[in-house]
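J.: Listed here are the chains, written in short residue letters.
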Amino acid sequence: MTRKEKTRIFNIILTVFICVSAVLFIMPTVLTIANSFMTSSEISANYGSMLSNMENEKKVFISENVNLKFIPDKATITQYKEVLFKNPEYLFKFWNSVILTVPITVFQLAVAVLTSYGFSRYNNKVKNLIFFIYIILMLMPYQVTLVPNYLVADKLGFLEEVNDTGIWKMISEAKFMKDTTIISLKQRLAIILPGIFSPFSVFLLTKVMRRIPISYVEAAKLDGANEWQIMTQIYIPLCKSSLISIGMLVFIDYWNMVEQPLILMKESELHPLSVFLSQINAGDIGLAFAVGVVYMIPTILMFLYGEDYLVEGITYAGGIKG
Amino acid sequence: MKKKSKNPCGRRGEKIFSDICIIPSLAGVLIFFLIPFGIIVYYSLINNPVTKEFVQLDNYKALMKNTAFITASKNTAFFSIIAVPLAVVIPLVLAIILERNIIGKSVFRTFFLSPLMVPTASVVLVWQVLFHNHGTVNQVIEKFGGESVDWLSSSHGMLVIILMFLWKNIGYNMILFMSALGGIPKDIMEVAELEGASRAYQFFHIKLRYISPTIIFVLILSLINSFKIFREVYLLTGDYPFDRLYMLQHFMNNTFNSLDYQKLSAAAVFFSLIMIVIIAVLLISEHIFGKDVES
Numbered sequence: 001m002t003r004k005e006k007t008r009i010f011n012i013i014l015t016v017f018i019c020v021s022a023v024l025f026i027m028p029t030v031l032t033i034a035n036s037f038m039t040s041s042e043i044s045a046n047y048g049s050m051l052s053n054m055e056n057e058k059k060v061f062i063s064e065n066v067n068l069k070f071i072p073d074k075a076t077i078t079q080y081k082e083v084l085f086k087n088p089e090y091l092f093k094f095w096n097s098v099i100l101t102v103p104i105t106v107f108q109l110a111v112a113v114l115t116s117y118g119f120s121r122y123n124n125k126v127k128n129l130i131f132f133i134y135i136i137l138m139l140m141p142y143q144v145t146l147v148p149n150y151l152v153a154d155k156l157g158f159l160e161e162v163n164d165t166g167i168w169k170m171i172s173e174a175k176f177m178k179d180t181t182i183i184s185l186k187q188r189l190a191i192i193l194p195g196i197f198s199p200f201s202v203f204l205l206t207k208v209m210r211r212i213p214i215s216y217v218e219a220a221k222l223d224g225a226n227e228w229q230i231m232t233q234i235y236i237p238l239c240k241s242s243l244i245s246i247g248m249l250v251f252i253d254y255w256n257m258v259e260q261p262l263i264l265m266k267e268s269e270l271h272p273l274s275v276f277l278s279q280i281n282a283g284d285i286g287l288a289f290a291v292g293v294v295y296m297i298p299t300i301l302m303f304l305y306g307e308d309y310l311v312e313g314i315t316y317a318g319g320i321k322g
Numbered sequence: 001m002k003k004k005s006k007n008p009c010g011r012r013g014e015k016i017f018s019d020i021c022i023i024p025s026l027a028g029v030l031i032f033f034l035i036p037f038g039i040i041v042y043y044s045l046i047n048n049p050v051t052k053e054f055v056q057l058d059n060y061k062a063l064m065k066n067t068a069f070i071t072a073s074k075n076t077a078f079f080s081i082i083a084v085p086l087a088v089v090i091p092l093v094l095a096i097i098l099e100r101n102i103i104g105k106s107v108f109r110t111f112f113l114s115p116l117m118v119p120t121a122s123v124v125l126v127w128q129v130l131f132h133n134h135g136t137v138n139q140v141i142e143k144f145g146g147e148s149v150d151w152l153s154s155s156h157g158m159l160v161i162i163l164m165f166l167w168k169n170i171g172y173n174m175i176l177f178m179s180a181l182g183g184i185p186k187d188i189m190e191v192a193e194l195e196g197a198s199r200a201y202q203f204f205h206i207k208l209r210y211i212s213p214t215i216i217f218v219l220i221l222s223l224i225n226s227f228k229i230f231r232e233v234y235l236l237t238g239d240y241p242f243d244r245l246y247m248l249q250h251f252m253n254n255t256f257n258s259l260d261y262q263k264l265s266a267a268a269v270f271f272s273l274i275m276i277v278i279i280a281v282l283l284i285s286e287h288i289f290g291k292d293v294e295s
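Taken in sequence, the protein lines are chains U and L. Everything in the first sequence is counted per this note's numbering, starting at 1 for the first residue and increasing by one. Everything in the second sequence is counted per this note's numbering, starting at 1 for the first residue and increasing by one.
To be clear, the hints were calculated from the coordinates, so they are not data collected in a lab. One or more of the hints may lead you astray.
Subject to a maximum C-alpha distance of 25 Å in a straight line, what follows is the list of computed SDA-like cross-link-like pairs (lysine to any residue) [claimed, not checked]:
{"#": "1", "chain 1": "U", "residue 1": "LYS127", "chain 2": "L", "residue 2": "HIS287"}
{"#": "2", "chain 1": "U", "residue 1": "LYS155", "chain 2": "L", "residue 2": "ILE224"}
{"#": "3", "chain 1": "L", "residue 1": "LYS207", "chain 2": "L", "residue 2": "LEU282"}
{"#": "4", "chain 1": "L", "residue 1": "LYS105", "chain 2": "L", "residue 2": "SER179"}
{"#": "5", "chain 1": "U", "residue 1": "LYS266", "chain 2": "L", "residue 2": "LYS65"}
{"#": "6", "chain 1": "U", "residue 1": "LYS127", "chain 2": "L", "residue 2": "ILE16"}
{"#": "7", "chain 1": "L", "residue 1": "LYS65", "chain 2": "L", "residue 2": "VAL55"}
{"#": "8", "chain 1": "U", "residue 1": "LYS6", "chain 2": "L", "residue 2": "LYS65"}
{"#": "9", "chain 1": "U", "residue 1": "LYS6", "chain 2": "L", "residue 2": "VAL93"}
{"#": "10", "chain 1": "U", "residue 1": "LYS6", "chain 2": "L", "residue 2": "MET189"}
Examples of chain U residues toward chain L, derived with CB under 10 Å [unchecked claim]:
{"#": "11", "residue": "ALA22"}
{"#": "12", "residue": "PHE25"}
{"#": "13", "residue": "LEU31"}
{"#": "14", "residue": "PHE37"}
{"#": "15", "residue": "ASN123"}
{"#": "16", "residue": "LEU193"}
{"#": "17", "residue": "SER268"}
{"#": "18", "residue": "LEU270"}
{"#": "19", "residue": "SER274"}
Note that CB positions come from ideal geometry on N, CA and C, so glycine has one too.
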């Protein structure tokens, strides 16, 4: 066998290997989507014993085994009808996810643009120290950062389920918001505010902005642009694709959130769908697949639309130091 | 059109503007992270928030004796020690394979990256079906004459969690390695080829060295992500999992519920110190390796 042939065979083996692993990787997603089209009777026939196990009830099912099905016997969209139209609970939880994730993403990016501009235009020792603290903070896991977050939320009265202290009392007495609205606002702010100031996007965007050649700025200045114009008309347009990719990474991270609501949100009514999904698994298993699919639609769409942006964003993240 | 005029404040004004830009963010970070963290350090050193007596390291000593904390730390450490190296090596291997000109490279990239974009909560049911007592994996095992395993409520649960972690993180790390491998200057490899360096030599002495900063970065990243595994465990098994799956975040959640500020603060401070040490070690080694490549 010549060396060329050897390489070819080797390549074929590798391709097969990669194919198999790639299929394994999308399997859970594909299975979730496929199963969401099953009728509820088919689901309880196949996964029923799982359900009874979870609730410790002695129900009799057709089969003790849990049969993983790839293709439903009869595809229907009844589950989706139930989730989207008949049972508003799931849409509420979906909305809870949106109302937390979208403000965090948008404002975190807005703060990051301003801050990164500040970090990248001029440097001094104090700023370098601050940036270093941001990096350390970014690398801290939730187990560490949630404790300070909780403390602040507690001190600001976000966690109380009455409005009888400080500014919340004033808002409550001014009567332009219902008390229940104020309480849900407070609980959401307890998650949104720390999210906005999370230093992740500042770190990434600063690295991107530091690569912008100074000559662009000089040229703009010759044309009489002031700092604000340099930021909005040169830096922001040049960082557009990075902003999209960073926004995607931030969005996914918070769309997936579990830790923060469990600790910072007392009212389970306000929990996002990501937390709620683990609770319906035990109950309404028939709907859980469809709800899961509905929940992944926003991120999947983002992925299909912006995969290249995402890859670019991840690549920019490579290397802690700029 | 605006009249052409020189910035009235000149360079100094620009510097001040760039300083002002970071104030909102700094204020937020101070309010939500740094100042309360300072308070937490203080809390960890006093006996209770009422009498505020200074007790030195008593809270930390109590923490070290707390069985729940010890279990949680052990499990988390065990998980990280196994899962993190795998999350570095497997993506590296995949990236190297994909670096060869394999047909449909971009399709594979999409496939490997897709778990990142799918919320864990959405697919957790499939994982439950797979690893249920009478689930798919056990059925396959039984078919081949093996003995079925109670995956989620035994020490085997760790394996499931590791698989879920790898599933989620491999794509991201692979992208980082692919870009790092793509960034190796071609002429270096050509020179090595001309000088008759073996494939193995090329790989271990040139490529690995060149991408060592990325390896360190992926290591840090995977370590951070490994502490997020609570999500998967929680979604899979709920608040009170099997003993071996009881993670640090479970401990924190339960301590939050009992509102024991002293225990909580001591745990957070202790954990942050460990993180700082680990990150410092990794950053210093990145620095050393980084220099190595430049010279």
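J.: Hints first: check each against the structure and report whether it holds.
T.: Now the hints, each set against the structure:
1. U:LYS127 x L:HIS287: holds (21 Å)
2. U:LYS155 x L:ILE224: Roughly 28 Å between the alpha carbons, so the hint for LYS155 of chain U and ILE224 of chain L is violated.
3. L:LYS207 x L:LEU282: holds (20 Å)
4. L:LYS105 x L:SER179: holds (14 Å)
5. U:LYS266 x L:LYS65: violated (30 Å)
6. U:LYS127 x L:ILE16: Given pair LYS127 of chain U, ILE16 of chain L holds - Cα atoms ~12 Å apart, limit 25 Å.
7. L:LYS65 x L:VAL55: holds (16 Å)
8. U:LYS6 x L:LYS65: violated (60 Å)
9. U:LYS6 x L:VAL93: holds (20 Å)
10. U:LYS6 x L:MET189: holds (21 Å)
11. ALA22: Because about 4 Å separates ALA22 of chain U from the closest Cβ in chain L, which is inside the 10 Å limit, the hint holds.
12. PHE25: holds (5 Å)
13. LEU31: holds (5 Å)
14. PHE37: violated (14 Å)
15. ASN123: holds (9 Å)
16. LEU193: holds (6 Å)
17. SER268: violated (13 Å)
18. LEU270: violated (16 Å)
19. SER274: holds (4 Å)
Of the numbered hints stated above, those contradicted by the structure are hints 2, 5, 8, 14, 17, 18, listed in ascending order.
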